[in-house]
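Quick mapping for you: the protein sequence lines, in order, are chains H and Y. Numbering follows the numbering used here, in which position 226 of the first sequence is assigned residue number 226; successive positions increment by one, without gaps. Numbering follows the numbering used here, in which position 145 of the second sequence is assigned residue number 145; successive positions increment by one, without gaps.
Calculated directly from the structure, the hints in this document are not laboratory data. Any given hint might turn out to be false.
Simulated DEER-style distance windows between Cβ atoms [unchecked claim]: (1) H:L187 with Y:G294: 57 to 63 Å; (2) Y:F74 with H:G25: 53 to 59 Å; (3) H:K340 with Y:D184: 31 to 37 Å; (4) H:L191 with Y:K260: 55 to 61 Å; (5) H:G25 with Y:F255: 34 to 40 Å; (6) H:E257 with Y:F255: 45 to 51 Å; (7) Y:Q13 with H:Q16: 45 to 51 Å; (8) H:F298 with Y:F255: 35 to 41 Å; (9) Y:R262 with H:K331: 19 to 25 Å.
Yeah, the Cβ is synthetic: ideal placement off N, Cα and C, and Gly gets one too.
So the chains spell out like this:
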Amino acid sequence: MHIYSDKQLYNLYVQQQADAAFGTGCIDKESHAAILLNHKLNLYTPNYFIRIAVALLTVVAVLFSGLLLGLIFSVSSADSITILLIVLACVHYAALEILTQRKAYYNAGVDNVLMLSSAACFISAFSVNNYADQPLITSSISLIAFGLIAIRFTDAFMLMLACIALFAQVFFACLKVDVFAKEFVPLVLMLLSAIIYLLAEKLLKNRKLKFHFKSFNWIVLLSLCSFYFFGNYFVVKQLLLPVWSGRSGFTQVLSYEKVFWFFTGFTPLAYIGYGLVKRRLIFVRLGFVFCVLSVLTFRYYYSVMPIEMAMLLAGAAFACPGYLLTRYLRKPRHGFVFEKTGKRSIEGDALENLLLLEAAQGEQSPNDNLQFGDGDFGGAGAGDKY
Amino acid sequence: MDESVFKELLHDQLISEEEFEKIRLQKYAPLSVFGDVTTMLYAGVVLLAGALGILVYKYIDSIGHAAILSFIGFGCIACFFYCFRHSKKFSYKKIEPPTVLFDYVLLLGCLLMLTFIGYLQFTYNVFGNDWGMATFIPMVLLFSGAYYFDHLGVLSLAITNLAAWAGFTVAPLSVLTSNDFTNDTLIITGVILGVALIVFAFVSEERKVKAHFSFTYKNFGTHLLYISMLAALFHFDHIYFVWFLCVLVVSVVAFQQALKERSFYFLVVVILYSYVAVSYVFIDVFGRIGWSTGLAYIMFTYFILSGIALIRFFIHYNKLLRENAHLQR
């Protein structure tokens, strides 16, 4: 079913397990080296930066190949565009199969972009012309296209796209039924998220599917995010409601909006509580992020305090517990510990520099309304004369 | 970790019994929340500094300049007092922070200092019309703080101030929009500053003066130099070929240096910037002939073939660098 050999996928899995064990100090350097030697990998996965560069260049090549073909065949009408897109989908997929089989690319950047472009071209071919039930049919085709590629190439991103296509399919299917069903679309989507989560957790226990464990972990993350977002008041009122309220017999008012305020507030806290009890950091981390989003959602509708007070409180809410945790968790408590693990990578340093620069940008270049920083280029007072 | 995999490895005698036992007990080991808590501290510090900036801006007239500036000044002094009290002895080598809170208190102190000096200038016009001094003094203080306390974040702030003093904004999301790259002086300044930062990186490493700072200098310097040279290429229409040669020369040197250091990151940065320069010259040269359908064919074919060629190039060098990783000094 998948393009890579079972042996190679198994060796990859073993190497990942060995890296994790070595990283936590459970095995020594010699054992780690011996495991890698006995489970050699022929799959080609370049360095992270090379991957990004190769992906960008593949995008360039793919884009201009489409433009070139369009120019050669003088594509102008909707039908000719549809045919071009299908041809491109086939060409990209053929290139993907050949490169993966001959060069054993695995998350090399090239294969990731070709997967996406072949699926995107195929799906776009069904979006060119207007016809009845177009969104529903397009989302169904997307589900099939992304799903098949995800299984063939054991790709987590494609599987996530397949799940998103499933959400879209269910959403548009619900819109086709009567008014009563439309009212409960967000709840249906939340239920679907919960089902996907439970299914992914069950599949993670099936060792026969170990080659897809990485994909299933991403699906768990996606389902947790989608459960929150489909219950978030802002998302339902501003994004989902306008889509179905355009249909006949619908207003812009949610008849049971308190339910969504409840989910907006309760879901992040439930995630944090569950994560702390079961020692699953993914829940705790998501819970904190969603807490922030819930506060912002509340502020959007009820501005209870000025932004500077909110930032002050938020800053204190982050900094004070953060400091207390560094002291409280110096020794392991309740299954958690504040202990540095692993070495910092160049990517980590580069990312931290960039984030700090963006965050501190305001300190160097304050708001122009302040009439501060009257330099020629909007910097903190600097000009072209110095 | 998957215990069944390690059972097989134990059976194949690739790991010892003791190691297997450690792995088996690993699922009961406490989870490290180091990254999460440090992220919280960082976010807290940045939000507090930002809130203070807005508070000062909005209420400076009602609360009173002296009161607010005193408050910020006091906060800044308190932070630096803490840092001086807990800091380790100065060393040219890397120093680990003495306490967990040290890095964040130092960062808060530096951000407060920037706010303080900026509003001091705004309120009391301390530096007169010489706005450059309002950036120069914090820059010197930030560089001093970065070296004395050994803090990469403060070094980044210092370099940002250096760029601001020279007239640049180097924040990633606004570097292309906030700078006026049609200004000749700014472009030349960017080139000089980029070269200076790269030289600084080189000197840091060779003289072993905070050698671990060299990546930060080189990172900023490389991007600034290339962006400025590309701006020169686009802007100086009559002599753009000279700038193109400059880009090529710099790229050859930087490429060799990236290979020597086995740095994938700088290899990618150098090649991608060079590709932009080469593509621009190619389009410009053919564009001067006159736009036509034939030219469009040539352009599209160029991008397809060059894209594929560079992909093969990157894959080749990725394999080469990996194979020779054991040769790294």
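For each hint, the structure was consulted:
no.	hint	result
1	H:L187 with Y:G294: 57 to 63 Å	holds, 59 Å
2	Y:F74 with H:G25: 53 to 59 Å	violated, 45 Å
3	H:K340 with Y:D184: 31 to 37 Å	violated, 48 Å
4	H:L191 with Y:K260: 55 to 61 Å	holds, 58 Å
5	H:G25 with Y:F255: 34 to 40 Å	holds, 38 Å
6	H:E257 with Y:F255: 45 to 51 Å	violated, 59 Å
7	Y:Q13 with H:Q16: 45 to 51 Å	violated, 21 Å
8	H:F298 with Y:F255: 35 to 41 Å	violated, 52 Å
9	Y:R262 with H:K331: 19 to 25 Å	violated, 40 Å
When each numbered hint is compared with the structure, violations occur for hints 2, 3, 6, 7, 8 and 9.
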